[in-house]
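> Sequence:
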Amino acid sequence: MIFDGHTDIWTDITNKYIVNNMKDVFRKNHFKKFNAGNVNGGIFVIWVDPPYDIDPAHRVTQVIECMQREIKYAQDILNVIKNHEDYFKIEDTRIKVLIGMEGLSHIDTNITLLQQYYELGVRHASLTWNEENKLATGVLGDKNRGLTSDGCLAVKEIERLGMLLDVSHLNNRSFWDVVDIVSKPIIASHSNTHALCAHDRNLNDLQLKSIADSGGLVGVNSFRTFVHRSRNKQNIDGLVEHIQYIANLIGIDHVAFGFDFCDYIDNTTLNSFYDSAEPSPGIDGLNEVSQVNDLITALRNAGFTKDEIEKITYKNYGRVMKAVLK
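With the first letter of the sequence shown counted as 1, position 263 gets the number 262 in numbering that gives the first Met the number 0; the numbers rise by one all the way through.
Keep in mind that the hints are not guaranteed to be accurate.
Simulated DEER-style distance windows between Cβ atoms [claimed, not checked]:
hint, residue 1, residue 2, range
1, Leu139, Asp265, 15 to 25 Å
2, Asp23, Thr111, 33 to 43 Å
3, Ala276, Glu90, 43 to 53 Å
Below 20 Å or equal to it, Euclidean Cα-Cα: the simulated SDA-like pairs (lysine to any residue) are [what the hints assert, rightly or not]:
hint, residue 1, residue 2
4, Lys183, Glu158
5, Lys325, Val181
6, Lys183, Lys208
7, Lys232, Thr296
8, Lys71, Gln61
9, Lys321, Thr147
10, Lys325, His83
11, Lys142, Trp175
12, Lys155, Lys88
13, Lys321, Lys142
14, Lys133, Val181
15, Lys32, Ile295
16, Lys155, Val178
17, Lys22, Lys88
18, Lys183, Tyr117
19, Lys88, Asn39
20, Lys31, Asn286
21, Lys133, Asp54
22, Lys71, Thr108
23, Lys155, Asp107
24, Lys133, Thr147
25, Lys88, Gln61
Hints listed in this document are in silico derivations from the structure and should not be mistaken for laboratory results. Where a beta carbon is used, it is the ideal one built from N, C-alpha and C, also for glycine.
Turn these sequences into a full structure, and let the hints steer you where they fit.
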């Protein structure tokens, strides 16, 4: 089994429903690629993508409506999971989907909405994308601003409900504010190590260690500018180096995948955070889900054992889900 800790599939599905009037999008546009890459599951996030971030609440309503319709169309190939027992049901061969929320700008300060989302099946949340909001501060926000009092309440509610709490995209101040108040494992679903690539979205050694100390994990990201500054290192081997570094620093039990593939992201959205004149946003050799097998081969060639690869590909996520999800 291979589990991708971060995918924006719902965004693509929503855009194709609304703009192209397409139905059954996952089957038509993604299913074969998932099978080709042997990817059997992932955290499919509800994301307020630019330019729709002007009205986050409206956009989230759109995405949820399209997501629910898509789940009905694809119920024979997608299985929405809500706990670790669902995750480990090997006999169910459908792709395992854990519904997440990348950023909570749309709830403003209405923390009670988290209960409603939980009842819809949401089992993952991060407080921000790159922006500042009423709860916390993302990497593009004021470096001196961290969690708000409402943000602290949101963290407590996420833990109470039994949802995975994701610290990817938080600025340094917000990250440490979260660490100070959590009592359960946290994840950075799609972040790399700052030691190998000095990008604000990547995590320094102290941050990586604190995630491991919580019992959590870090999902490595294949977005090329998070892998290396030099173009010739923006490839699978460069990503393997991140996996090796994190595993050596905090242990093999705390590293996983969170690829953040953007091959299907609309150019209007993509151009808001990536220069379209550059090569594909994914690293060379790993720009879409169908190519994940090549990363597994690279891990074997780098000396990772079968047991270590199983931990990275799915067992570590299963362990964290068991500790957090109800």
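> Each of the hints needs a verdict: does it hold here or not?
Hints versus structure:
no., hint, verdict
1, Leu139 with Asp265: 15 to 25 Å, "holds (20 Å)"
2, Asp23 with Thr111: 33 to 43 Å, "holds (34 Å)"
3, Ala276 with Glu90: 43 to 53 Å, "holds (48 Å)"
4, Lys183 with Glu158, "holds (7 Å)"
5, Lys325 with Val181, "holds (17 Å)"
6, Lys183 with Lys208, "holds (15 Å)"
7, Lys232 with Thr296, "holds (18 Å)"
8, Lys71 with Gln61, "holds (16 Å)"
9, Lys321 with Thr147, "violated (29 Å)"
10, Lys325 with His83, "holds (8 Å)"
11, Lys142 with Trp175, "holds (12 Å)"
12, Lys155 with Lys88, "violated (29 Å)"
13, Lys321 with Lys142, "violated (34 Å)"
14, Lys133 with Val181, "holds (19 Å)"
15, Lys32 with Ile295, "holds (16 Å)"
16, Lys155 with Val178, "holds (12 Å)"
17, Lys22 with Lys88, "violated (28 Å)"
18, Lys183 with Tyr117, "holds (18 Å)"
19, Lys88 with Asn39, "holds (12 Å)"
20, Lys31 with Asn286, "holds (15 Å)"
21, Lys133 with Asp54, "holds (14 Å)"
22, Lys71 with Thr108, "violated (31 Å)"
23, Lys155 with Asp107, "holds (16 Å)"
24, Lys133 with Thr147, "holds (7 Å)"
25, Lys88 with Gln61, "violated (31 Å)"
In this structure, the hints that do not hold are numbers 9, 12, 13, 17, 22 and 25, in rising order.
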